[in-house]
Amino acid sequence: MDYVSNTEKERKQMLKEIGVEAIEDIFNSIPEEVKLNRDLNVSEGMSELELKRHINKIADTNISLDNYTSFLGGGAYDHYVPSIIDHLISRQEFYTAYTPYQAELSQGTLQVVYEYQSMISELTGMEVANASLLDGGSATAEAILMASRISRNKKVLMSSALHPSYREVAKTYGEPKDLDFVEIGLDNSVTNLEELEDNLSDDVAAIVVQYPNFYGSIENMKKIQKLKQQYKKVLLIVVANPISLGLLTPPKEFGADIVTGEGQSLGNTINYGGPYLGYLACINDRKFIRQMPGRIAGATVDADGNRGYVLTLQTREQHIRREKATSNMCTNEALNATISTIYMATMGKKGLKEVAEQSYKKAHYLAEKIDETDKFDVLNLDNFFHEFWVSTKLPVKKVLSSLKQNNILGGIDISRFKEEEGILISVTEKRTKEELDELVKLMEVM
Amino acid sequence: MDYVSNTEKERKQMLKEIGVEAIEDIFNSIPEEVKLNRDLNVSEGMSELELKRHINKIADTNISLDNYTSFLGGGAYDHYVPSIIDHLISRQEFYTAYTPYQAELSQGTLQVVYEYQSMISELTGMEVANASLLDGGSATAEAILMASRISRNKKVLMSSALHPSYREVAKTYGEPKDLDFVEIGLDNSVTNLEELEDNLSDDVAAIVVQYPNFYGSIENMKKIQKLKQQYKKVLLIVVANPISLGLLTPPKEFGADIVTGEGQSLGNTINYGGPYLGYLACINDRKFIRQMPGRIAGATVDADGNRGYVLTLQTREQHIRREKATSNMCTNEALNATISTIYMATMGKKGLKEVAEQSYKKAHYLAEKIDETDKFDVLNLDNFFHEFWVSTKLPVKKVLSSLKQNNILGGIDISRFKEEEGILISVTEKRTKEELDELVKLMEVM
Amino acid sequence: MAEKLIIDYSSQGRKGYSLPSLDVPDINIEDNLESEYLRENLNFPEVSEVDVVRHYTALSELNYGVDSGIYPLGSCTMKYNPKRNEDIARIDHLSQIHPYQSDEDVQGSLRILHELKTDLAEISGMDEMTLQPASGAHGEFTGLLIIRKYFEDKGIEKSKVIVPDSAHGTNPASAVMAGFDIVEIDSNEHGMVDIEKLKEAVDDDVAALMLTNPNTLGIFEKDIKQIADIIHDVGGLLYYDGANLNAVMGYARPGDMDFDVLHLNLHKTFSTPHGGGGPGSGTVGVKEFLKPYLPRPLLVKNGDKYYWDYDRPKSIGKVHAFYGNYGVLIRAYSYIKTLGYKGLKKTTENAVLNANYMKIKLKEDFELPYEENSLHEFVLSGVKQKEKGANTLNIAKRLLDYGQYAPTIYFPLVVKEAMMIEPTETENVGTLNKFIDTLKTISKEIEETPELVKNAPHNTAVRKLDEAKAAREPDLKW
Amino acid sequence: MAEKLIIDYSSQGRKGYSLPSLDVPDINIEDNLESEYLRENLNFPEVSEVDVVRHYTALSELNYGVDSGIYPLGSCTMKYNPKRNEDIARIDHLSQIHPYQSDEDVQGSLRILHELKTDLAEISGMDEMTLQPASGAHGEFTGLLIIRKYFEDKGIEKSKVIVPDSAHGTNPASAVMAGFDIVEIDSNEHGMVDIEKLKEAVDDDVAALMLTNPNTLGIFEKDIKQIADIIHDVGGLLYYDGANLNAVMGYARPGDMDFDVLHLNLHKTFSTPHGGGGPGSGTVGVKEFLKPYLPRPLLVKNGDKYYWDYDRPKSIGKVHAFYGNYGVLIRAYSYIKTLGYKGLKKTTENAVLNANYMKIKLKEDFELPYEENSLHEFVLSGVKQKEKGANTLNIAKRLLDYGQYAPTIYFPLVVKEAMMIEPTETENVGTLNKFIDTLKTISKEIEETPELVKNAPHNTAVRKLDEAKAAREPDLKW
Ligand SMILES: Cc1ncc(COP(=O)(O)O)c(C=O)c1O
Ligand SMILES: Cc1ncc(COP(=O)(O)O)c(C=O)c1O
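Protein chains in written order, with this note's numbering: chain L, 1 to 446; chain S, 447 to 892; chain B, 893 to 1370; chain D, 1371 to 1848.
One thing to keep in mind: the hints can contain errors.
[Claimed, not checked] Capping the alpha-carbon separation at 30 angstroms, the derived lysine-lysine pairs in DSSO-like fashion look like this: (1) B:K1234 - L:K433; (2) S:K498 - B:K1197; (3) L:K9 - D:K1804; (4) B:K1278 - B:K1336; (5) S:K770 - B:K1308; (6) D:K1530 - L:K287; (7) L:K52 - D:K1712; (8) S:K462 - B:K1234; (9) B:K896 - D:K1814; (10) S:K844 - B:K1193; (11) S:K821 - S:K864; (12) B:K1046 - B:K1206; (13) L:K12 - S:K796; (14) D:K1530 - L:K404; (15) S:K698 - S:K600; (16) D:K1712 - S:K799; (17) B:K1361 - B:K1326; (18) D:K1675 - L:K397; (19) B:K1278 - S:K698; (20) S:K455 - B:K1255; (21) D:K1684 - L:K154; (22) S:K679 - S:K770; (23) S:K458 - D:K1684; (24) L:K57 - D:K1675.
Everything labelled a hint here was simulated from the structure, so no lab data went into it.
Sequences are here, hints too, so could you generate the full structure?
Structure, rendered in structure tokens:
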């Protein structure tokens, strides 16, 4: 089937009015030498029934979180998503709209963005947030570029406890700008602060740490703040899982200049890694705001003096500034930001805290039990949020595949990132005690 | 969880303004003797996560059409339902609205009803349709009561080829009105017209036939029309599957006075038998319209002369006429009527015909093949629409359960209605040749 | 704002559907079917999928739903319809099952239905339930047929059903459909059944009294036990119209008030969506002695297994071709399981609290014909306002201008210029105050600029519609 | 119509969520975590589920979507977003998969992704694709990094990227992010690349020319082969901005026009919804010789198995933490499978037909700065109207009063008072005529009552908004 609305008769009539004979004639401006003189080698079209049959058959070959218990995290978390979210974002007015170019017919989107910015600011403790970036990895990269523009420095001290893929994306983005990335090694499961201290200097653009970090551990933010404060120009970028901020002190209080990260955990479906959303917030400093990437919504008044919302501070952006823009951001992750806004509103003051606390408590329950087994140790048992690092002498691949036979996705094989070894286990509020105990039972007898 | 919005604090404040101390006090008007002085013996509440887990677990014990190939029909058909329908009726403005009491804020519902009435009229060939009744069974019963009121007769000649359950419902409804039901027997798979003729007289309220009938056969409507025409007061009620009318001549052309039936096949999910919708349409005769049960929408103008829609001819209805109403109909099946309206609009002129034709052709393909097998005969091979009557010497229960082991729901065991024997097999456009061939292959080796 | 008819989007040859092409050998239907049975023309719209989506989206925008704001229709219990119940009703393994699958195929669904009816019986204090009736009125009809059948079975002839003047129109209409004659009795000055008049009306011919409690004024019939005795003394039965169950859940049970038969409106108390007028579910509950008369089939649990029992010789028969509005029942189940017994009670408490709060506030401006304590709803009269030039209908229409739905009006019939207000528990004090303020504003407008109110609505998609013309010159299809 | 902020619905203690209660033994977090790491306060809304549902429903009503009507934003390809693709993207077995599941767990999804990239490569004439970029601009950036890496790998130093003045703002912005300097070249009087100027601008330092074809005026750069030669002759590469692919599917392929790298906007040509600004997908295609530089990991098929190949030493690295906007990719796959090759071609034909039809009709009233044949979009100028007192911005706002969205305005920069109109193929002649008539009406209004147009919009939820104030006094959160 297709989605063409004109009938054959209408097409003929329209061609007549245009003044050409056949439909091919309106393509006459394409020179023959580049015309495709054959059919595309793409399959025949399908009706809806065939399409659904076809795709369902393929989908059924996947193993999914629908019938496997997942302890996978690493930046993509299986939290509870309230049912109302999908109902609300499925309203066509939200999901089929374009970027709010005509503000007067886009107040819905614009107010949502304003609410999103407000709650992201509150959550991180920062003062200004943008309307979203593409994902946690690219947002981290954009934050680093922003810091480099502000500080006019090129050296970036990046914790090895920052998500390996975020580091890789940051390097991809930084390379053309000649950024000099120094990776600060681990001290057990956290950033080696001595090494950090040794590398600090006035030509550092930014320190980048993750909070809680990739291994789930909570960095010594007090200490990092102190180190940073010794150098005026050095910015502190904190990459934070927003769910953890339901429980943890906001990065601002540890001197963060820019807080960024992945917003997926705020109500977004796991979706094999995307679409997610990068969030980014900074301090209220004109120098910072002028360097911010991405769209920003602001409140204003209309011709009658009534409150309304617009996209603002656009002189940072590509459609106005072209090559002088702070970033090339155009399409962002607006619908995911809408999801996260509704999530934050629904969970609210108490709910977000409860999600964080339950995740914390369940993860700690599980970690204790795993640590008590013979063959497994939790490396960061004394310091983690809802994700922890398990080491074992058993071959990790075997451990995970034996768990999979029991319908459990037991965690991330850390060796996939070619740096460290072990299993990264993540626990959200969705996991039941029964599921945790089952995992322990299986690990006990390995 | 619950859906109470007031907080404890607000409740206290409200109680204060009402002038009572505790919440229990506002129930003081309930005498102690009838007060419940214990907790209800209902389980504890659940959070959404628990609820979904709980219900999914139960649901998984069902065998469903989702992974079984179904040849079940008998008044509930597995036709293709275009995806857009659920998207549209899931707009809260449709599904959470009440009966359109305030027409000015309910033009959406009212116009949908008007469109529904228009298309039901067109499909059946009739001139006036109501806004829906509760289901095919009760609609048939209401049609009979209506016919009896119009003709002032009590005798109803009801074909035995009318759906057994519709007959039962009709009798339930007719009993308090002292209707005298005469069931006209079968002549092979159709109504015995001689018997019908013998029972016809001027004191007959109505002839009730199904078209196509319960066994899938197409009644000799020409003949029935002729018989009926000999008696001026006798009305002809035709119970029709609306999908079949994409292919078949509308009942009106065979002299039907009232056409009624089950609208499920027009886009409604199979849903274990409900919610479905009864439709009912009649000729354009004031006497008929005055006796119609159920709501009717009509077009009118507003104070500025613009077109708009209202519920009309309400002097037939219970909220105006109370004990003198034509029926007690209040809540009907509005959302199902909305579904059917969108279905009819989507399929349109060509689509409905194609659905009917494909169902017809696939059913005939299958029937021929089954008839060629050793152990099975098709009793109405020469005359059926998309459902046919298979007889066999094998025990039907065994046949069906062996098919079920092959993930096929092979049809209805006709003996469940305690009248006839055999298997009623229904084929819609959704069944593929592969599925039909698979069924035949299994039946061949039985 | 007006939206044309779907047929007016039609363009010859346009298509909005897609089907797989025929995969069996094609045949010529004319070879099988006489030409006079082959339809010649079907004048249906020819529109694209985009046309359909836009048209019905546009129509939806002309509607007001519970998610649009307060919906204070008295007697209708327009509470929030939880989205999660919609998800659950769409689970494939629940919705994609056929009514003629064998009981063993669908044990999961039968378990749900059985738990539901058990819960409903407990909540209402009855002994057995049928889930077959598809609406409140259908439930009334079913319940009255049960009463009829019971007397028939016992060989007792009774022809009358007593209905208070405050009763809903479906009550007398259903009783007549069930073959009874109606005796209407007036309410007393407290808005309750007049015991003396009741006694006068009662005789051996009375089969039943139909009552809702609290009644449609929201007032609890405190003499219910006495009323029950009066009816039972002449061998009659008590029928409970469950439309107002939201007022008493966890506080009182119709069964304990000696009602013998009742129906519950799951599309009211149990939050299933109204769908613009339906579907609903009017499950019927009875006391033990009436169980034999329930519609066929009855859902039975035997050990761990559930099945439909058709072997019920005294049954009134079927009132629905299948088992009732299953999809609605699933939603109600989901609702009850979510709330649990505490949530149900809290629901009732807040429904009653909200109504009482509104009553206190609004009686400052509107006449309150019955000062009696009321529960989940209350009825005001617009007589004062009418004298000043705008009646209840005008007030209702003016409310629409403020983007809020109107109460039920001109019902119950015992109150002049009635406005019957039922906020439900899912509103909070904020939305109540907004509605109260609007009504007070309108009352002020009536004093200052009555024409404004009389000519309302002004801001809706259409202005006031000419109902007389609609009835006089019926235009019922395109 | 105004809707307050969600925080303004807040009431202390109100709850909109439900979680199972903690089922593991409770612990005191303070025992584990120093108090300075424990958050003290989170000033989030405290609202009920009903509040949330109503608030965001109300906000949605202040928006305009594709299902509301024509959305003729030039360069944005706002076509109908098929509902069935939404269903498919929500299939549990497709959406409930974690990015760190092993490849063997998710063969179904990998197959879909592989088929998608194979189809996209065929449609665009490229040899290999990455699905990682999450937007058009992200794709540009990725593509330019590939070019950069290629030259680095070959040991060639090149610093410049040529961009026509009609290019989209993301083109120069992306090139700068990728470390290049921009050389802008003017278009000629036909709205096309000025070959002479191009020749002048080209030297050995040119790494790439970025072009969309048809260009943002909707005009096909007929000299594309010559342009390609000019660039290739100095060792530069040709980058294709695929935003306008809807104009040529099945008729011409960027690969055959000698483009070396391109991105495709799946949220334009391939009908995935824009979501109010995102998510999108800007998949990047390259010719064989650039394959080594594609982002890691690359999706590879080996026999019947699919896997992610990380072992790509020359890769530019990752541009996304995972694999890109998978959910968007699923929708695009569903779209392509639905249409098939015939449907894709028909899509393009009707997109071009619709645009040409509108152009013919509208050039009667509006200046058409370039008379050249155009394809799927065209650009008018509002200069005539501006002289009469209402500029293009006013016209755009006035369109909103008529319930229709406005075209892209003031872009491309080469046209004064530009109105860039792209109807797409999912509109039919009926909706086109309605839009044409409205624009003509507005043009008449400008002659008769210019103030009406200048002060537009009048009927929208808010009137014209003060953007200057917003920028001057930023109010970016509550
Ligand atoms: C008091 C009362 N009884 C009965 C009914 C009838 O219920 P239904 O509309 O479901 O048939 C209603 C509904 O309006 C009602 O309010
Ligand atoms: C011509 C052109 N190029 C590039 C882009 C950028 O695409 P995106 O918004 O997906 O980043 C756009 C989108 O507006 C465009 O129209």
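For which of the previously enumerated hints does the structure constitute a violation, in increasing order of number?
-> Failing hints, ascending: 14, 17, 19, 23.
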